[in-house]
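Participant: Please model the complete structure; the sequences and the hints are all you need to start from.
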Amino acid sequence: MNAWVAALGFLVFGPLLGALLAGIDRRLTARLQARQGPPLLQPVYDVLKLLEKDTLVVTPLQGLYLWLFLFFMIGAGLILFTGGDLLLSLFALTVSGIFLCLAAESTNSPYSHLGASRELMLMMAYEPMLLVAALGFYLTNDSFRVSVITEAAPWQPLQLLGILVGFLFVLTIKLRKSPFDLSTSHHGHQELVKGLTTDFSGHHLALVEIGHWYENAILLAWLYLFFAPWGPWLAIPIALILFFLEVLVDNTHARLTWSHTLKASWWVTLLLGTTNLLLLAWWVR
Amino acid sequence: MWSIALLILLPLAASIAVLRAPDPQTRDLWVQRWSIALIAVTLLFGAGCWMGFTDQTLYAIPHWLQTALDGFFDLVGLILAGTLLYLCRRIKWNEWYIPALILTQTGILFVAEAAATHPQVEHLFYVDPFSVLMALIIGVVGGLIALHAVPYMRDYHRHAPEVPDRRTGFYAAILVFLSAMFGVVFTNHIHWLFVFWEITTLCSFWLIAYPNTEEALRNAYRALGYNLIGGLAFAAAILWLAAGSGPYTRELDRLVGAGQLALLPAVLIAVAGLAKSAQLPFSSWLLGAMVAPTPVSALLHSSTMVKAGVFVLVKLAPVFQGTLAGLFLGLIGGLTFVLTSLVAVNQRNAKRVLAYSTIANLGLIAMCAAVGTAEALWAAILLILFHALAKALLFLGVGSAEHLIGSRDIEDMESLVYRRPELAAMLLIGMLGMFLAPFGMLLSKYTSFQAFLAMDLLPGEGALLAVILAFGSGPTLFFWSKWMGRLVARPHRLPSIPNAPPRAEQLVLGVLTALTALSCALFPLIELGFAMPYTQQLAGLGLIPAHAMAIPWETVGIMSLMLGGLFILPLAFWLKPPLYIESDPYLSGANVEGESYRGAMGAERLATNQGYYLIGFFDERRLMQTGIIGALGLGVLMLGSSL
Amino acid sequence: MSFLKRSPWILHYAATSCNGCDIELLACLTPIYDLERFGIINTGNPKHADILLVTGSVNEESRRVLENLYHQMPEPKAVVAIGACALSGGIFRPAYNVYGGIDQVIPVDVYVPGCAARPEAIIDGVVQALALLDARAKAHKRRGQVSIESP
Ligand code: SF4
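Chains as they are written, first to last, in this note's numbering: chain X, 1 to 285; chain S, 1 to 643; chain B, 1 to 151.
Hints were generated in silico from the structure; no laboratory data involved.
Computed from a predicted structure; not experimentally measured.
Ideal placement from N, C-alpha and C gives every residue a C-beta, glycine not left out.
A hint or two may mislead.
Stated by the list, open to error - DEER-style ranges, computed between Cβ atoms:
no. : chain 1 : residue 1 : chain 2 : residue 2 : range
1   : S       : Lys-576   : X       : Asn-2     : 33 to 41 angstroms
2   : S       : Gly-557   : X       : Ile-241   : 32 to 40 angstroms
3   : S       : Lys-576   : X       : Leu-40    : 31 to 39 angstroms
4   : B       : Ile-91    : S       : Glu-582   : 37 to 45 angstroms
Facilitator: Written as structure tokens, this is what we have:
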């Protein structure tokens with residue numbers, strides 16, 4: 001019963017939450033630049049507008065890949081929010097990311113292709129850390145199930161401190177923020193044009209945006225999981241603060257090259273994630 | 001019992017029949033008919049076993065027959081050594097070690113045979129759920145590959161007129177290979193196992209050398225040499241079992257049952273397994289083997305040869321479980337997994353990508369076998385199955401594509417989705433099957449993670465293996481997706497390919513595609529029918545800790561839903577295509593007719609893309625050298641810790 | 001009301017401008033004018049854009065680019081010409097390679113005069129284009145052909 005409510009809640013409110021996060025993000029960014037910024041619901045307006053427009057395609061198949069992207073994204077979220085398996089949810093998230101890349105690759109335009117290749121590179125960079133984070137949760141709770149993880153011991157955030165820092169690092173990549181916004185830029189007049197999404201328009205772009213809202217909600221939920229044992233009144237604000245810390249990072253850093261990104265994130269995974277995991281395994285036994 | 005004999009003898013009889021075929025047409029027909037018969041018989045056998053038994057069954061045979069067969073296998077062993085020595089006539093001076101290995105090996109066996117008394121062998125054959133599953137893989141996938149080989153080789157000789165046509169021997173070798181593989185998975189007599197083992201080595205040598213070029217010969221010798229190193233270790237294990245202080249036996253089930261007493265011989269046999277499954281430091285032979293025609297690659301990679309290697313590793317898993325030697329074995333697998341996944345990113349040659357990915361996956365299987373708990377074995381067994389299906393599909397698909405487009409370069413397969421949709425769809429399903437949810441490989445990975453973290457020999461060792469798996473997953477993702485990206489890219493006015501692959505090839509590919517998808521949908525059946533009974537049986541014998549391991553039904557449900565989505569969405573898309581307006585890709589507004597653009601000086605250029613290979617970032621040579629040194633070190637540690 | 005009014009994304013193309021108008025246009029995005037208040041984003045990509053802002057006159061080199069960009073924008077869309085050059089060719093008009101204003105090549109909806117046009121004028125032009133877009137969105141039926149054949 002509860003699971004159904006959660007599933008429905010995620011389906012309906014997940015994107016709203018994600019959109020709101022994106023809206024706050026844009027406003028915060030504007031404020032950091034001494035501007036007023038758009039209304040909070042601007043991302044929603046954008047998508048509604050995109051739905052009013054025609055859809056230009058380079059190849060009709062790109063729509064198929066985008067639908068698959070959204071399908072697996074929602075799947076990942078459903079697993080997570082119904083208290084299901086964290087690792088499985090992560091796998092679904094990966095699949096969805098790959099379909100987004102395929103959609104961009106299928107247009108075969110240089111900018112999309114560049115964006116897709118870089119996105120793949122970023123996936124290669126952050127995948128180990130995300131897996132390590134899931135493994136960390138498993139070690140502390142002896143289960144991948146989210147419903148179990150939320151009832152972990154109160155010192156879980158301390159046990160997973162290194163992994164948390166590593167996770168925040170790759171979260172920057174996952175949210176496509178500077179210094180790691182290599183695959184698609186928020187400001188579309190750079191060498192990438194719009195990277196991954198260059199050749200999507202109208203409905204297709206709306207699909208991508210909605211997918212990203214769901215992704216925002218999912219990533220916020222991951223952050224929440226770290227602090228879940230402290231109860232929602234503490235965990236939600238902390239997760240939100242950490243989430244918006246990424247906006248600060250975004251606005252204070254210039255973009256890195258892919259090789260730096262790859263090296264940096266693997267080193268972080270190795271030094272913070274792995275060390276934490278090994279210590280944890282030693283401690284748990 | 002008799003069904004085992006049938007399975008071993010059927011391909012053997014087929015190969016004799018093929019050798020005696022009067023003319024090429026009849027020969028081709030016979031190869032196809034015998035392969036179909038083989039597939040049918042294996043399926044019947046598998047279905048019978050699936051319904052019929054729950055436990056391991058050992059078989060003895062009448063004494064006179066056993067004596068006769070013993071003599072026969074000794075004879076075969078001698079002939080084998082003689083043949084191998086004869087084959088060495090074309091070696092170069094720096095390959096002197098090959099005959100030396102053969103002679104030492106034969107010498108060791110001779111010493112073991114010459115001992116006054118021999119351990120009694122009671123049971124000669126056995127059937128258990130794992131070996132039945134292996135037999136299914138060998139029979140069905142191997143049979144399909146043989147079917148595919150007939151039209152393929154016809155094209156092959158048309159494309160490469162300089163290669164002498166020795167197809168009769170080729171088909172016969174494939175069939176003997178399959179027969180020997182059946183022997184490997186069913187025999188309980190370690191000597192016989194060794195003979196079958198060396199027959200596969202011999203067959204692979206002959207098949208790799210098929211193109212008869214200098215390169216093919218050298219690579220074939222390398223394969224031979226490396227596998228003989230493994231064979232030497234195997235022979236040493238046999239000697240130890242006959243004369244050492246460990247268990248005094250020649251039976252596989254006793255060896256496994258002896259537990260950690262049998263560590264040294266098990267480690268020695270594991271070395272043979274590592275060599276055969278092309279783990280570091282032996283990996284390079286499998287890459288060299290790429291010179292052979294594609295069916296050979298498919299055969300070596302999916303159903304035979306390398307699978308024989310991991311088969312014995314999984315069989316011996318109870319011995320390794322919870323030992324230091326097992327940990328080192330797992331680390332060798334892990335090292336192989338990470339390094340070869342990284343190197344695969346560098347590769348442009350489709351077959352080399354597949355080869356490195358095979359080695360990586362076998363590394364993962366070796367890791368699971370080394371951990372040896374119920375969960376890990378479960379994962380290993382399913383990995384073997386899923387890998388066999390997807391890899392056979394990919395190799396044969398790449399082979400067919402190569403004949404159509406005349407290249408095995410990934411970049412040349414650009415936009416295959418538009419140029420030959422059915423072939424591209426098959427390749428895509430094979431690739432998805434290799435690394436993505438909801439396909440089986442991922443489920444096995446999932447279980448491996450759980451199994452690794454549940455290890456408790458040393459603090460943190462399981463976490464270490466799990467991290468290795470996590471790090472290997474990144475590059476795996478990268479190189480497969482990059483390839484898929486090339487396949488789905490919209491064509492730059494590349495011509496569509498007019499002629500389809502031959503009907504028989506299409507049929508085989510179609511069947512393999514269906515199997516890859518079906519094995520995921522029906523995986524609970526496979527799990528309940530083969531993987532679970534096997535681990536339960538081992539746990540029942542007290543060889544591995546019992547573990548109430550079950551994939552929750554919820555997980556299975558979610559996987560099925562995803563799988564459903566993956567097939568239903570394209571269908572829905574095809575039935576009711578949405579509204580679109582076609583346009584050209586964005587080229588900064590400089591487009592001229594589609595993908596060309598007006599560049600500097602008003603020249604028209606075609607906008608082209610290529611995948612990332614990160615050549616400057618990972619260096620194949622350096623990584624592999626590091627890997628070989630590391631694996632050698634780990635191997636020494638493994639041997640040392642087993643003493 | 002159409003949501004186009006709430007989130008007009010712009011594409012800016014400098015056909016043959018002296019860069020004076022471009023600087024003024026970019027000034028609109030700065031904190032003083034902050035166009036993002038109205039949901040306006042400079043996308044730099046025709047496929048995402050709703051309003052095409054063109055500065056400068058059209059010459060032989062920029063003619064095709066302008067046409068391409070215009071055609072790669074999905075309907076409904078609007079075009080705003082900014083500055084004397086874009087309106088008529090301006091001081092470049094007598095040049096041998098110049099066609100004149102951009103309405104020689106693509107249909108223009110709003111003309112913003114000035115040399116250079118002031119940011120306030122540009123914002124005013126965009127707002128007028130919004131009203132046009134709104135009307136167009138109401139009249140607009142989604143078009144498109146159905147096909148999944150290979151190109
Ligand atoms: S109108 Fe004036 S400022 Fe604007 S581009 Fe033309 S010359 Fe420059």
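Participant: Next, verify each hint and record whether it holds.
Facilitator: Do the hints match the structure? See the list:
no.	hint	verdict
1	S:Lys-576 - X:Asn-2: 33 to 41 angstroms	holds, 35 angstroms
2	S:Gly-557 - X:Ile-241: 32 to 40 angstroms	holds, 36 angstroms
3	S:Lys-576 - X:Leu-40: 31 to 39 angstroms	holds, 36 angstroms
4	B:Ile-91 - S:Glu-582: 37 to 45 angstroms	holds, 40 angstroms
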